[in-house]
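Starting from the known structure of chain H, fit chain R onto it as the hints suggest.
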Amino acid sequence: MNAPAIRYVGQPLRRREDLKLLTGKGRYVDDIKLPGLLHMAVLRSPHAHADIKHIDVTKAASAPGIRRVLTGKDLAGKIGPIVPNWIIPGSKVPIRPVLAIDRVRFVGECVALVVAERQTAAYDAVNLIEVGYEQLAAVVDEEAATRHGAPQLHDNVPGNITTVYKVRGGDYQKAAREADQIISLRIVNNRLIPTCMETRCIVAEPNPDGTLTVYIGSQVPHMHRRWIAETVGIPEHRLRVVAPDIGGGFGAKMHLYPEDLLCPYLARELGAPVKWWESRSESHQSTSHGRAHTETIEAAIRNDGTILGMKVETLGNAGAYLSNMASGGPTVNTINFGTGTYRIENYEATSRVVVTNSVPVDAYRGYGRPEAAYIAERTIDAVARHLNLDQVEIRRKNFIQRGDFPHRPYGSTGVMFDSGNYQGCLDKALAAFDYEGRSRERDALRRDGVYRGIGVAAYTHMCGMAPSRRLSLIGFDRGGWESARVSIDSSGRATIYSGSMSQGHGHVTSLSQIGADVLQIPIEHIDVVQGDTRQVQAGHGTFNSRSMAVGGSSVHVSSERIVAKAKKIAAGMLEVDEKDVAYSAGTFSVPGTDIAPVTFAKVARMAYVGHRLPDGMAPGLDETVFYDPTGMGSPSGVHLAYVEVDAQTGIVKVLDYVAVDDVGTLINPLLAAGQIHGGVVQGIAQALYEEVDYDLESGQLLTGSLLDYAVPRAEQVPNITSLFQETPSPTNPIGVKGIGESGSIAAPPCMVHAVLDALSPFGITHLDMPLTPPRIWSAISAARTGAVR
Amino acid sequence: MTDIDCRLHAVTIEINGARKRLEVEARKLLVHLIRDDLGLTGTHVGCDTSQCGACTVEIDGHAVKSCTVLAVIADGASITTIEGVSQSGAALDPVQAVFHEHHALQCGFCTPGMVMSVRELLKTNPHPTEDEIRHGLAGNICRCTGYHNIVRAVEALASKGGE
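Respectively, the protein sequence lines represent chains H and R.
Note that my numbering has the first sequence beginning at 68, numbered continuously upward.
Note that my numbering has the second sequence beginning at 1072, numbered continuously upward.
Okay, chain H solo, but in the shape it has when bound (with noise of 0.2 Å):
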């Protein structure tokens, strides 16, 4: 009798990288010491946009135990610059040097830097540095900076544009034509930071041999490995990238900055490690902000609250420079989307990639698609408002239907929805949220003056970006792909060498629930390596979503690939026929006769000891895969929220969420949910309260410290409840959809529409991110005067 196979996908196991974390044990780049350890100070420009006129480092030079300052002069030529990997073509890419030349573009632009001896002698250096500037006028907002007139940033770069990117479908005018009216709106996706609660953090250490190890934070070690490689002038293997545990990610973290590249260059200049790290102000001002779009749009309908058609301008911030992915972002991953979940035939889109005088913008957990959910979903909602229609019958009678997949919306040639069921979610929403029951306790509070209101999103996107041919055509300069070793030692024991990049997800567990389902071996036997480019043979990462649907799959098929190695051994083994031999639980077996069964040890011994092996078979039990997938997953979900409006303060309070959402199969509905709830709140955040302030007139960075940037502590969030629907992807042989992205996707609409349903007594119809008490507390004011006049 066969034993029962082992199932680990599906169950709520417990993260097998926890206890380190909760003991203190985790290791964080800056808890790497290393004897003879210089570190390095970097001078930040305290001008938005000025002329460099002189800098002076005699002082900083001649203080105890300095032992480099360098200033973009004395770079020039050596490294950088510092060039995008995603461009989309025809962009006019600004030339960013790694350290500023003549000018400054930014507060917090590289300007010059310092090694010491010991982290304080390196701060207090820098302050001796004397630069003169020239200030020049600044321009930080984007429609500012594309009108005639405001300051140019960069020669190459006429009217600030880097970036004109169209998507068209169907006939828009036609549709604009036959509709019974158009309704317009101006909405504004605010600029935000991804705070990892780790910043960023570099050691560079020259090894003996003459490679360079770099110790790095990064969501994508092995394009960190090329990049400062080829930036740097190092060869590619002879760089090693380590990436230990990090403390966050959320795209920030998946970047080329220049620290990433002095570090190595001063490291091997040296011959002594050096370290960089960057305190929670300087995050603020030097890693890549997100969002910072501008949209206006226009939606022709029709008086039973049909959307005949869409036509939508996007302005994306950039900031100063382009910075890794930035001209992909508010063009590609925005506009592509911006028809949501619903079927509208007719769309005619526009994106500009703007640059400001500002830190540069780029990925932010869902880049570009929060901000197409939030074009979609805006819309439709003002479209019901409009039309006084029901807000979940809207969506229900607009909604790519579930026959209908796979979708290309508009007719696109680049955006396919391989599977969903979106009513299915919004069903089950419904239900969980009490939509009947909550709609009549909201209107009976509102007559006693109490303003409660309800919020509905919906979103789709795509994730893990693929298949690697079809990215040159958008110009991403690197592959769609994932590799996944699958090593098994001469005891049976299995180590996983992904390229997948965990930043807290918990691949080990994840990726290990896949592997011991295919390989039938205990999870225990199995062991996963990420973030070390001399164990890790390649890899893209984790960002876009992409960890379970390519990451995972590659596992899959690596293990696919061993257990039918195996299989071979096995049936000579046993002196059977391969096609004869039964493999669950750790046994080959033989069912209907009385042969001995041999187990999965066994056949791995063999492998190793290749006494008894099949003619012309290979010994060792060892597979490498680079899966390329033919297409990209769909997920999908509907979100609630319920809000009360204190309309004396402008107090939100978020009562309840619901979350349903559909990633396919779940590999582990706990941390499944988890990357739910920290979405959701990132997305909550940014509805209500995050927001980067800079002075319009200065470019100065108001929100420079976690004093002034309002990330959310646990008494200003709800509680969430997340459940799941499964509509496998047929992309991938799991069926899975990534999860990480969707709950910073689908909450900022969820959430205004919540706040505004909420102030639909006052008749507010439209507010901007993020909905702080002044900004509804002045709404409600205006509306109340303007009621008495």
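No wet-lab data here; the hints were simulated from the structure.
A hint or two may mislead.
No farther apart than 27 Å at their CA atoms in a straight line, the calculated lysine-lysine pairs in the BS3-like style are these [to be verified]: (1) Lys120/H / Lys140/H; (2) Lys720/H / Lys495/H; (3) Lys1099/R / Lys126/H; (4) Lys464/H / Lys241/H; (5) Lys1231/R / Lys1194/R; (6) Lys646/H / Lys634/H; (7) Lys126/H / Lys159/H; (8) Lys1091/R / Lys87/H; (9) Lys241/H / Lys1194/R; (10) Lys159/H / Lys140/H; (11) Lys634/H / Lys669/H; (12) Lys87/H / Lys1194/R; (13) Lys669/H / Lys635/H; (14) Lys495/H / Lys464/H; (15) Lys646/H / Lys635/H; (16) Lys1099/R / Lys92/H; (17) Lys126/H / Lys140/H; (18) Lys100/H / Lys1091/R; (19) Lys87/H / Lys100/H; (20) Lys159/H / Lys145/H; (21) Lys1091/R / Lys92/H; (22) Lys1231/R / Lys100/H; (23) Lys159/H / Lys233/H; (24) Lys126/H / Lys145/H; (25) Lys100/H / Lys1194/R; (26) Lys120/H / Lys145/H.
All figures in this text were calculated on a predicted structure; none of them were measured in a lab.
This is chain R only, laid out in the frame that chain H set:
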């Protein structure tokens, strides 16, 4: 230019039960003494304005953000860090164990400070309401979990204690 006072001052502290004597600059923060001089890197630095709570330790039995204390002021104090909360080495403190059970950590960076604050919260209020838990943890920022599972973990531990 003003000269920076780099003179060293003697400090004696008890750290996780062991007595240590160190020489530190007057400007050194306790968190840097813990991390750099004592090599206890489980205590983290997440900000520079005492907002995040990642550096929370126990000083004389009370949770304190160790970035708010100069090392010289800690002279004579008894300090417990995350490395010292579990007495027997392998076993977890009840707060650590319940965090594992309820998936109350993701990247783990805020976790040591959060564990310290939860210990303090339950010491002063063994049966907190959800509201009291959320307010009690207001000094610690977590960016990964959305706090949901942290609150569940604390509720579970508090109700277990009440049985």
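Results for each hint:
1. This hinted pair checks out: Lys120/H and Lys140/H have alpha carbons roughly 12 Å apart, not beyond 27 Å.
2. Between Lys720/H and Lys495/H the alpha-carbon distance is near 24 Å, which keeps this suggested pair within the 27 Å criterion.
3. For the proposed pair Lys1099/R and Lys126/H, the alpha carbon gap of about 24 Å is at most 27 Å, so the pair holds.
4. For the suggested pair Lys464/H and Lys241/H, the alpha carbons sit about 22 Å apart, so the restraint of at most 27 Å is met.
5. Proximity of Lys1231/R to Lys1194/R is assessed by CA-CA distance (about 14 Å); at most 27 Å being required, the pair is judged to hold.
6. Taken as a hint, the Lys646/H and Lys634/H pair is honoured in the structure, with Cα atoms around 9 Å apart against an allowance of 27 Å.
7. This hinted pair does not check out: Lys126/H and Lys159/H have alpha carbons roughly 40 Å apart, beyond 27 Å.
8. For the hint linking Lys1091/R to Lys87/H, the alpha-carbon distance of about 25 Å falls within 27 Å, and the restraint holds.
9. About 69 Å separates the Cα atoms of Lys241/H and Lys1194/R, which puts this hinted pair outside 27 Å; it is violated.
10. Using a Cα cut-off of 27 Å, the hinted pair Lys159/H and Lys140/H holds, with the two alpha carbons roughly 24 Å apart.
11. Pair hint Lys634/H plus Lys669/H holds up; C-alpha atoms about 12 Å apart against a cutoff of 27 Å.
12. The straight-line distance between the Cα atoms of Lys87/H and Lys1194/R is roughly 25 Å, inside the 27 Å bound, and the hint therefore holds.
13. For the proposed pair Lys669/H and Lys635/H, the alpha carbon gap of about 13 Å is at most 27 Å, so the pair holds.
14. Using a Cα cut-off of 27 Å, the hinted pair Lys495/H and Lys464/H holds, with the two alpha carbons roughly 17 Å apart.
15. Only pairs whose Cα atoms come within 27 Å are accepted, and Lys646/H paired with Lys635/H is accepted, the gap being roughly 9 Å.
16. For a cut-off of 27 Å, the pair hint linking Lys1099/R to Lys92/H stands: about 24 Å separates their Cα positions.
17. At most 27 Å may separate the alpha-carbon atoms for a hinted pair to count; Lys126/H and Lys140/H meet this at roughly 18 Å.
18. A C-alpha spacing of about 20 Å is found between Lys100/H and Lys1091/R, which places the hinted pair at or below 27 Å, so the restraint holds.
19. Taken as a hint, the Lys87/H and Lys100/H pair is honoured in the structure, with Cα atoms around 18 Å apart against an allowance of 27 Å.
20. Restraint check for Lys159/H and Lys145/H: satisfied, since their Cα atoms lie roughly 23 Å apart, inside the 27 Å limit.
21. For the hint pairing Lys1091/R with Lys92/H, the CA-to-CA distance comes to about 21 Å; that is within 27 Å, so the pair holds.
22. With a CA separation close to 40 Å, the supplied pair Lys1231/R and Lys100/H exceeds the 27 Å bound.
23. Restraint check for Lys159/H and Lys233/H: satisfied, since their Cα atoms lie roughly 16 Å apart, inside the 27 Å limit.
24. Among the hinted pairs, Lys126/H with Lys145/H is consistent with the structure: their alpha-carbon atoms are about 24 Å apart, no more than 27 Å.
25. Between Lys100/H and Lys1194/R the CA atoms are separated by roughly 35 Å; this puts the pair beyond 27 Å, and the hint is violated.
26. With a C-alpha separation of about 22 Å, the suggested pairing of Lys120/H with Lys145/H holds against the 27 Å cut-off.
Hint violations for this structure: numbers 7, 9, 22, 25, all remaining hints satisfied.
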